[in-house]
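Q: Sequence:
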Amino acid sequence: MRTSDPRFKGNKELVKDLMTPAFLHEVSALEIYTKATSLVDLWTVKAKLTAGRPFNADRDIFDAAIDIINAATFGLDDDLSTVKHQLDSLAKMGDAELPLSPDGSVEFAHPPDVPEIAAIHEIGLHIGEQFKAFFPKITHRYKILTKPSLVKAISMRDKLIHDEIEKALARLRSGGRVRSAMDHILQREMNAAKKADRLPVFHSPRIHDEVRDGNTIRTPQLHPTIRRGSSWFAKTDFRLGMIKWVADDQGVQKKLRAALRSAYGTAFDERRQPSVTELWKTPVPYLDAVIEESLRVTGPLPVTQRRTVVDTVILGRNIPKGTDIIFIANGPSYLSPSIPVPDNARSESSRAKYSHGHWSPEDIHLFKPERWLRIDEDGREVFDPQAGPAMPFGLGPRGCFGRRLAYLEIRIVLALLVWNFEFRKLSEELSSHAVVDTLTSTPKKCFVALNKVS
1 MRTSDPRFKG NKELVKDLMT PAFLHEVSAL EIYTKATSLV DLWTVKAKLT AGRPFNADRD
61 IFDAAIDIIN AATFGLDDDL STVKHQLDSL AKMGDAELPL SPDGSVEFAH PPDVPEIAAI
121 HEIGLHIGEQ FKAFFPKITH RYKILTKPSL VKAISMRDKL IHDEIEKALA RLRSGGRVRS
181 AMDHILQREM NAAKKADRLP VFHSPRIHDE VRDGNTIRTP QLHPTIRRGS SWFAKTDFRL
241 GMIKWVADDQ GVQKKLRAAL RSAYGTAFDE RRQPSVTELW KTPVPYLDAV IEESLRVTGP
301 LPVTQRRTVV DTVILGRNIP KGTDIIFIAN GPSYLSPSIP VPDNARSESS RAKYSHGHWS
361 PEDIHLFKPE RWLRIDEDGR EVFDPQAGPA MPFGLGPRGC FGRRLAYLEI RIVLALLVWN
421 FEFRKLSEEL SSHAVVDTLT STPKKCFVAL NKVS
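Going by the numbering used here, 156 is the number at position 156 of the sequence shown; the sequence numbering is gapless.
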């Protein structure tokens with residue numbers, strides 16, 4: 001769908017308030033905080049069971065991502081929480097001996113997903129297969145006709161959306177607070193219907209599609225095998241890489257923990273976690289710097305593609321209408337020295353809009369959060385988001401709609417994890433930064449070895 005398509009504008013209108021600071025801080029932040037705390041609880045148990053030995057964190061982070069997006073979208077309760085389900089499973093293990101892999105890591109068996117989440121997983125697998133099919137529409141119809149489990153999964157997913165809409169309506173009609181994106185969308189439909197003097201339509205294809213496939217939540221985002229086609233899992237893959245960098249650089253980890261304890265001094269003195277309000281309201285420049293540097297070196301989207309809608313000129317080259325332009329976000333200027341481009345090759349408007357600095361070629365390849373910090377006119381250390389080139393979530397009207405939500409989530413999750421755990425440095429085999437590059441960069445391995453911070 002083109003940006004100029006009226007349907008694109010209509011969909012944006014439906015969800016436009018979901019990324020405002022007011023909605024993010026008053027609604028989404030609490031849901032993120034609750035689910036992030038569940039991940040802390042899970043890793044507290046695993047840290048005790050493993051006694052400092054490494055374990056694979058990939059699925060845990062994936063499960064937490066599912067819980068967070070489901071909570072932010074639907075306001076789903078703990079009965080459908082994948083992390084809570086795993087916690088319950090670990091509680092039943094007792095003192096059972098855990099198996100070890102040849103690399104010395106502890107293996108945790110993952111319990112079966114709750115049926116609704118398993119259904120979404122199956123749909124995710126199916127959609128992932130369509131990305132590889134020569135004739136996706138024909139393949140889809142064939143699977144629908146020959147795979148009863150897929151039909152059942154689609155039915156279960158649609159029933160989940162229908163039931164959650166009904167629960168949200170009951171909550172809103174009884175005066176309950178807006179606690180999810182779905183609540184907000186339904187409230188907007190109520191207001192629009194009242195203004196137009198018509199009956200509200202809560203189960204319209206537009207609302208169902210937006211919840212199911214649009215900017216709020218996307219089915220293909222809910223299975224690791226098809227992360228490569230998903231902007232949500234671009235963020236999940238980034239979180240995996242971010243944790244690896246924090247574990248690798250013990251100096252950065254200690255400095256970040258000290259910065260958090262200083263910023264959230266009251267919480268530290270009271271021997272508690274920072275509250276959700278403290279986490280989003282209190283500026284922590286070094287936390288922002290670690291996040292942005294992690295995004296720079298572990299870019300979730302290595303490439304971005306746009307199609308020209310008019311004839312244009314880029315760096316003095318004529319580009320005809322209908323040309324696909326590929327932007328590389330992890331090459332020269334980002335992770336390696338830039339390719340010299342004479343200023344006279346740039347357009348006048350481009351030269352006038354130089355809004356960011358440049359990275360030093362001497363250390364551009366290093367993980368160095370300090371590059372995002374500067375001293376302001378009052379002598380304070382502040383975070384500078386324009387310190388150098390970065391494009392983690394795309395740009396313009398077709399950039400990642402959920403960028404603000406992603407930053408809020410990353411901030412809360414990283415702060416709580418570093419506050420609660422010491423990430424031990426791992427062997428070279430387990431700490432490898434090798435990735436699989438497709439539409440996103442997915443770490444091949446993500447192990448952690450944890451000590452609970454007292």
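Treat the hints as calculated values from the structure; they're not laboratory data. Do not take every clue at face value.
[Said to hold, decoys possible] Result set (BS3-like, lysine-lysine): computed pairs, CA atoms no more than 25 Å apart in a straight line:
id: 1; residue 1: Lys-132; residue 2: Lys-147
id: 2; residue 1: Lys-194; residue 2: Lys-167
id: 3; residue 1: Lys-137; residue 2: Lys-147
id: 4; residue 1: Lys-425; residue 2: Lys-368
id: 5; residue 1: Lys-137; residue 2: Lys-16
id: 6; residue 1: Lys-48; residue 2: Lys-16
id: 7; residue 1: Lys-254; residue 2: Lys-445
id: 8; residue 1: Lys-132; residue 2: Lys-254
id: 9; residue 1: Lys-368; residue 2: Lys-445
id: 10; residue 1: Lys-137; residue 2: Lys-159
id: 11; residue 1: Lys-452; residue 2: Lys-425
id: 12; residue 1: Lys-255; residue 2: Lys-452
id: 13; residue 1: Lys-255; residue 2: Lys-368
id: 14; residue 1: Lys-368; residue 2: Lys-321
id: 15; residue 1: Lys-425; residue 2: Lys-48
id: 16; residue 1: Lys-425; residue 2: Lys-445
id: 17; residue 1: Lys-16; residue 2: Lys-195
id: 18; residue 1: Lys-84; residue 2: Lys-195
id: 19; residue 1: Lys-48; residue 2: Lys-195
id: 20; residue 1: Lys-444; residue 2: Lys-92
id: 21; residue 1: Lys-48; residue 2: Lys-92
[As the list claims (entries may be wrong)] Pairwise CB distance ranges (calculated):
id: 22; residue 1: Asn-451; residue 2: Asp-17; range: 52 to 58 Å
id: 23; residue 1: Glu-278; residue 2: Gln-386; range: 44 to 50 Å
id: 24; residue 1: Glu-370; residue 2: Phe-134; range: 36 to 42 Å
Values in this document were obtained by computation on a predicted structure and should not be read as measured data. Even for Gly, the Cβ is constructed at its ideal location relative to N, Cα and C.
Q: Does each hint fit the structure? Answer for all of them.
A: Status of the hints after comparison with the structure:
This hinted pair checks out: Lys-132 and Lys-147 have alpha carbons roughly 18 Å apart, not beyond 25 Å. With a C-alpha separation of about 21 Å, the suggested pair Lys-194 and Lys-167 falls inside the 25 Å cut-off, and the hint holds. Under the criterion of a C-alpha separation no larger than 25 Å, the hint pairing Lys-137 with Lys-147 is consistent with the structure, at around 15 Å. Pair hint Lys-425 plus Lys-368 holds up; C-alpha atoms about 17 Å apart against a cutoff of 25 Å.
A threshold of 25 Å between alpha carbons decides the hint, and for Lys-137 with Lys-16 the separation of about 31 Å lies outside it, so the pair is violated. For the suggested pair Lys-48 and Lys-16, the alpha carbons sit about 44 Å apart, so the restraint of at most 25 Å is broken. Simply put, Lys-254 and Lys-445 have alpha-carbon atoms about 23 Å apart, close enough for the 25 Å limit, and the pair holds. Proposed proximity of Lys-132 and Lys-254 is contradicted: the alpha carbons are some 44 Å apart, above 25 Å.
For the suggested pair Lys-368 and Lys-445, the alpha carbons sit about 22 Å apart, so the restraint of at most 25 Å is met. A threshold of 25 Å between alpha carbons decides the hint, and for Lys-137 with Lys-159 the separation of about 24 Å falls inside it, so the pair holds. Restraint check for Lys-452 and Lys-425: the C-alpha separation of about 15 Å stays at or below 25 Å, so the hint holds. Between Lys-255 and Lys-452, the direct Cα distance comes to roughly 17 Å. Compliance with the 25 Å bound is thereby established for this hinted pair.
A hinted pair counts as satisfied when its Cα atoms are at most 25 Å apart, and Lys-255 with Lys-368 qualifies at roughly 12 Å. The straight-line distance between the Cα atoms of Lys-368 and Lys-321 is roughly 40 Å, outside the 25 Å bound, and the hint therefore fails. The suggested pairing of Lys-425 with Lys-48 holds, with an alpha-carbon distance near 18 Å, which does not exceed 25 Å. A hinted pair counts as satisfied when its Cα atoms are at most 25 Å apart, and Lys-425 with Lys-445 qualifies at roughly 14 Å.
For the suggested pair Lys-16 and Lys-195, the alpha carbons sit about 18 Å apart, so the restraint of at most 25 Å is met. Taken as a hint, the Lys-84 and Lys-195 pair is broken in the structure, with Cα atoms around 42 Å apart against an allowance of 25 Å. Our distance criterion of 25 Å between C-alpha atoms is broken by Lys-48 and Lys-195, whose separation comes to about 57 Å. For the hint linking Lys-444 to Lys-92, the alpha-carbon distance of about 30 Å lies beyond 25 Å, and the restraint is violated.
Between Lys-48 and Lys-92, the direct Cα distance comes to roughly 15 Å. Compliance with the 25 Å bound is thereby established for this hinted pair. For Asn-451 and Asp-17, the hinted distance range of 52 to 58 Å is not satisfied, since their beta carbons lie about 42 Å from each other. Between Glu-278 and Gln-386 the beta carbons are some 26 Å apart, a value that contradicts the proposed interval 44 to 50 Å. Between Glu-370 and Phe-134 the C-beta distance comes to about 49 Å, which lies outside the given range of 36 to 42 Å.
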